[in-house]
Amino acid sequence: MRVDSPGRLLMGLGTGGAFGVLLQKGRAAKYDVIVDQLLLKDGTVAKIMGTAAAVGSFGVHALVRSGHAKLEVKPLRVGGIVGGAVLFGTGMAVLGYCPGTTLAAIGEGRRDAIAGALGMLAGAGLFVSAYPKLKPVLEAGDFGKVTLPQATHTSPWPWVTALGAAVLIGSALSPARPRRFAALRALFR
Amino acid sequence: MTALTKTSWSPYAVGAGIGALSWLSFATAKKPLGITTPFESTAAALEQTLAPRLTAVNAYLATRDEVPKLDWECALCVGVLAGSYLSARAAGVRATRAVPVGWARRFGPSVPRRYAGAFLGGALMMFGARMAKGCTSGHGISGVMQMAGSSWLFSPVMAATAALASRALFLKGVR
Chain A
1 MRVDSPGRLL MGLGTGGAFG VLLQKGRAAK YDVIVDQLLL KDGTVAKIMG
51 TAAAVGSFGV HALVRSGHAK LEVKPLRVGG IVGGAVLFGT GMAVLGYCPG
101 TTLAAIGEGR RDAIAGALGM LAGAGLFVSA YPKLKPVLEA GDFGKVTLPQ
151 ATHTSPWPWV TALGAAVLIG SALSPARPRR FAALRALFR
Chain B
190 MTALTKTSWS PYAVGAGIGA LSWLSFATAK KPLGITTPFE STAAALEQTL
240 APRLTAVNAY LATRDEVPKL DWECALCVGV LAGSYLSARA AGVRATRAVP
290 VGWARRFGPS VPRRYAGAFL GGALMMFGAR MAKGCTSGHG ISGVMQMAGS
340 SWLFSPVMAA TAALASRALF LKGVR
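Those sequence lines, one after another, are chains A and B.
One point on numbering: in the working numbering, the residue at position 105 of the first sequence is 105, and numbering is uninterrupted.
Each position in the second sequence, counted from 1, maps to that position plus 189 in the working numbering.
It cannot be assumed that every hint is accurate.
With a straight-line Cα cutoff of 30 Å, these simulated BS3-like cross-link-like pairs (lysine-lysine) come out [unchecked claim]:
| no. | chain 1 | residue 1 | chain 2 | residue 2 |
| --- | --- | --- | --- | --- |
| 1 | B | Lys258 | A | Lys70 |
| 2 | B | Lys195 | A | Lys135 |
| 3 | B | Lys258 | B | Lys220 |
| 4 | A | Lys135 | B | Lys219 |
| 5 | B | Lys219 | A | Lys70 |
| 6 | A | Lys70 | B | Lys220 |
| 7 | A | Lys145 | A | Lys70 |
| 8 | A | Lys133 | B | Lys258 |
| 9 | A | Lys145 | B | Lys258 |
Just so you know, the hints here were simulated from the structure itself, not pulled from any lab data.
Work out the full structure: start from the sequences and follow the hints.
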């Protein structure tokens, strides 16, 4: 078993602590907030994730450009990504928390999230046992660790700017009252 | 410190905070924020200890690039739990309901039924996360900000499936 240095573990604890405070203050550790987002009745989670990605994108690409960091992306393997996304989305709709917010919900005192976390550990164990047989499916359609700018031979900055602009426009259009996403919800009817 | 005693912050402020936190994690740990890898390595380590002769576990250990470890990301998970605990305490919030309001309205007040649902949902969600090597944090936030092809495929498929699944679950409900 590989063990990181105490300093690095402490750094992880501090970063995680800040992440936990943010998720709790963002009301993302609550079942009803997450399920209302999935039902398109509330936009809290989309606002948090969109803003996080847009703000993060500027800084991370600046760090990469100045040589202070390297991108760390997951490989684009169509089988694993699409299959995993479908199971993930279905499971999240039942649990009502995502993995990070399950941990934050436990911190907030939500006992059902403990059952969720135990289920997550069981699901991971099942994955480990199934992995040898699953491997060919997971690795079907392997495009490697590719980013959209790399795939299109473009600079990342137009992408970063577009993401920022999309979040700004989205936030400007988002009504403050209930009945959010009314047009989008009508499409589902 | 008074900010910590508030019940909630604006979702945009929280999002900007998470974005800035990811600069920090890239600059210091050289890693993006992610949650589910430690669940996989913990499960692998447990299976290795409890059933060392299980051939599937050995085949996993020989071919999978995630090895059992106690690392920065494990500490991150513990930190999320602790940070949320401190944040809720500072605000005087303590959520003790075992069955969330929306769940009870649709599936009734039974605690065992909620725990069983949460367990099964959690298992399915984590199985999917490890198939895709990421979750709402690792793909949805960290991968999307890096413009990763994998994450820009995962996120819309995940969001659409979750929206359809929750609609199917709550279709006949009061909601």
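The hints, checked one at a time:
no.	hint	in the structure
1	Lys258/B to Lys70/A	holds, 22 Å
2	Lys195/B to Lys135/A	violated, 47 Å
3	Lys258/B to Lys220/B	holds, 15 Å
4	Lys135/A to Lys219/B	holds, 28 Å
5	Lys219/B to Lys70/A	holds, 7 Å
6	Lys70/A to Lys220/B	holds, 9 Å
7	Lys145/A to Lys70/A	holds, 13 Å
8	Lys133/A to Lys258/B	holds, 23 Å
9	Lys145/A to Lys258/B	holds, 23 Å
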